[in-house]
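Now for the letters of each chain:
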Amino acid sequence: MQPFTYSKAATSDDVIAALTGEGVQLIAGGTTLFDLMKLGIEQPRRIVDVSGIGGLDEVTLGPNELVFGALASMTDVASSPALQENYPVLAESLLKAASQQLRNMATVGGNLLQRTRCNYFRNGAMYACNKRNPGSGCAALGGVDRGHALLGGSEACIAVYPGDWAVALTALNASVDTQSPRGLRSIPLADLYRLPGQTPDRDTELAADEMILRIRVPAASYGRASTYHKIRDRESYAFALVSAAVMLDLDGDRVRAAHIALGGVATRPWRAPQAEALLTGQTLTPARALDAGRAAFEGATAGHHNAFKIELGARAVADALMIAQQRSTGQ
Amino acid sequence: MTTHTFPDRARVDALDKVRGATQYAADVAVDRMTHAMTVPSEIVKGRLVSVDVQAARAIPGVLRVLTYQDFQDVAEAVLGAVGPYSFRTYHAMLSDRLIYRGEPIALVVAETLEIAIEAAALVTATYAPDAFSPNIDAEGTEVFVPEGSISFGDFDQAFDSAAVTIEAEYNHAAQHQNPMELISTTADFRGGHLYIHEGSQSSGAIKFGVALSLGLDPERVHVMSPTVGGGFGQKNSMQQQTVLVARAAMLIGRPVKLVLPRGQIFHMATYRPVSRHRIRLGLDAAGKIVAASYDGQQQNSRAETFRGAFSETAARIYAIANYRSSEQLIRTDTQSPGFMRAPFEHPASFAFESAIDELAHAAGLDPVALRLANQAETDPVTGLPFTSRHLVECLTEGARRFGWDDRSPAIGSMQDADGLLIGYGVGVGCYKAATSPVIARLRVSADGRSRISLSGHEMGQGMRNVIVAALVARLDIDPQQLEVIIGEPDGAPQHVTAGSWGTASVVPAVEAVADEWRRKLDDLRDGRSVAGNVHQVLFRLKRPYIDAEVQVLAPGQPVAVMDRLRQSLPSAVGPQYPEFVGLSFSAHFVEVRVEPSTRRIRVSRVVSVIDCGTVMSPRTAESQVYGGVIWGIAAALREISEQDPRYGGVLNNDLADYVVPVNADIGAIDVSFVNKPDPLLNAAGVKGLGEVAMVGVAAAIANAVHHATGKRIRSLPIRIEDVL
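If you read the sequences in order, they're chains E and A. Using my numbering, the letters of the first sequence map in sequence onto residues 2 to 332. Using my numbering, the letters of the second sequence map in sequence onto residues 59 to 782.
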């Protein structure tokens, strides 16, 4: 291990001041950072503990927007009865992630910044990895790519964004409030995550001295018609083979608007506008749901071992749409 | 149906375990202890040109960075003599030769674990790599054909004249045990004696293996392995690191502890290798299976002759008169594979019991009825009688408990209220009922204390429970003050505990030593026996204690085998004894539910009925079967050691990416036992249980998946893409 210093911040201004130094990492729950430090991927010189900052763990489910303080734990947010009732897609995306113990520790802000589970990224210097060591190449290309991206990849990187919560938030047009020495700003989630392109070492558009304060989600009267449908190699405690975050604005059987995002198959949380467009104004039937699922994977590029996810993903989207529809009408 | 001869008894170690008080070898801390960390090789095969340890040595707190050059004095001894103490002949870090990815090239010893880890990361090496063959499909593998494959009758003639035939090839992926307790060694050399703490199924092999490797008197090597945090065959011999750590402790003059990280265990430890099974079956018009052929291939390392004895069990289930088998070891550039729970029997039963299901389907027969109609009455391989065989009862009772009669035979014809496809499948298994010789020593004292020392290791399976159950049934002693010393060669000679022979070996020894002890007590009373608490009898007799010792052989074993036991050399026998063949049997019935859209498979229900002779410890026996069934589910649907052939080794070498089942994956498991004493193997009527519990589960699942979906998946694990 690399020696590092640890300090605890009392306010977000303390944090921003500390972030101007070199090699600084913020820690809240630590569930990702410690793991990556043990693997030698993150080697901070200074760790600033933000978990004691007051007020950043508040959750407000208002009539116009939902606000999640970055330091709220995954468990606290996921176990909110109001969220489960009115936005099951958000609650499920948290509950189907990690384990109870990890969810107790992890925060909803930190969760957004977890890094890829690509084995070549995680497994040491013997594997070429542009994300870990820029310019070294990508061992995943032509390798064991069952868990790699079909959407959003580049010749430099096909590592999947591993999270669930951000996928659900992306479907719901969420944004994050941030603070940096340049002041406060708001970034739509759709713009927060970068495509890898030629610089996969940078996962997000956050600046090195920028901190997420809270997450905002526009309220939707039809939030109950939603689900986070996650298909994985076991029933719990696993990353997604493919997941679909779906929310439907329905007028009877007719779709006024559909929100669809994919997880487990893309280099970042992946919105599927062509699938949404295919449903808009249409009657939702199982056949049309499957058409939408197929549309969501238009343009997908399969590797050696992950082609099955095009069909699996289409069916997962279709199932999610039908679950959302059922929730709209069946309760 | 189950009537236990022995009462239900809580685990003797339950309270300690749930409080976290049980100390495993990897938890041991001794005075002035130092910490070691290995540096894994980054190439698969070749030579180590140089190792740069300067940066590592410069870290404050680093005591020593050892390379193969520090182990030159042990090389010859290990390579020449370790064979009997390890089924692996290749040991890392004894030369500049490298034969597998992840092989250690340096051992860092430091004041703290953190320093050792940091310094290990700074060790660099230059290599002269060679071309390699990472798996059995690669160029450049070697085929080794061991002698002694099982064949009898005239397969060709019988197969050609059969009314219904099937032919299929089945594949089993490489899998790793991943016991919770990591592989570790703590070595302490003081006063001319070497003390080793290591979680092992074979503490005696460590004692004698280390002594031979380092040129020490075995009497000066003391090994402690009282409680093992899971072994499953991965800890059944001396490990590669044991001698290295012991030598490091001697060089440094302080105790050294090494706990291998999980990621390195995927490379340093043994595992279940890849295997292939080509099977042909022929059925006559009367519904008798008349011909079977079994061509097996198993992955091996370049250095070993670890064979895949698939037909040892596959040929013994059914009365098939014409059987032919062949066996090949495919040598690849990998670390040595080894024994993983039901090492041959599990993959063999997946293949053979899938083939039987394919035959039943092809012939339009009920899979249970086909099995019942073809049961072997005597051992087909040797012609000898079975010691006991209740597989028919396992099948009929299992079918009854499961509700097999409700099965609608047509593919995909059963659905539940939610529209999930339901499939029913069956698979049976057998496993050798082996026995090892045991020396047992018992002291019972007037002050209420007792101590029994004998050969055996507690890997969590419940060995101590069995010993206590057998002893208190024989002698009226205070079980609260009974000390059971196992896994310690200083207490009694230690044989490897594996192959499901633990219970059948220790129970007769416990009973014999109790009887011997009773005889010595009665001798004091002129042969008059007396009832009641024996501590009080001793007290009244004014005798502080009585010692007794017995040695117990397996049926038909010569007394000379005791010399092998005293040196901890493998001395177990079975399934074939001079006058009979001993096997345990299992039948598993599985219900799967398959989502019609995304095809997720859930094992909703398993019914398992086991014939293991007498059930000595009902609670730990049931627990063994739960574990076996769950591992069968894991092997069938979850576990695979993934490899990128460009790099060799295992890519998904952590517990996040090596997928084992979680609680949510496991449905209802109904366990019951025939519980009829075996009349021939030993007086207690015990056969083995630990491994037969798993045998047949994977095939039952694959057969159920076929029944639900019509997809015959012949490669494990079955994953979502296979049934989409």
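Watch out, some of these pointers could steer you wrong.
Below 20 Å or equal to it, Euclidean Cα-Cα: the simulated DMTMM-like pairs (lysine to aspartate or glutamate) are [what the hints assert, rightly or not]:
1) LYS734(A) with GLU455(A)
2) LYS39(E) with GLU169(A)
3) LYS9(E) with GLU211(E)
4) LYS39(E) with GLU455(A)
5) LYS769(A) with ASP234(E)
Hints are computed from structural coordinates only; laboratory data are not their basis. All values reported here derive from a predicted model rather than from experimental measurement.
Here is what the structure says about each hint:
no. : hint                     : result
1   : LYS734(A) with GLU455(A) : holds, 14 Å
2   : LYS39(E) with GLU169(A)  : holds, 19 Å
3   : LYS9(E) with GLU211(E)   : holds, 17 Å
4   : LYS39(E) with GLU455(A)  : violated, 52 Å
5   : LYS769(A) with ASP234(E) : holds, 19 Å
Hint compliance for this structure: hint 4 alone is broken.
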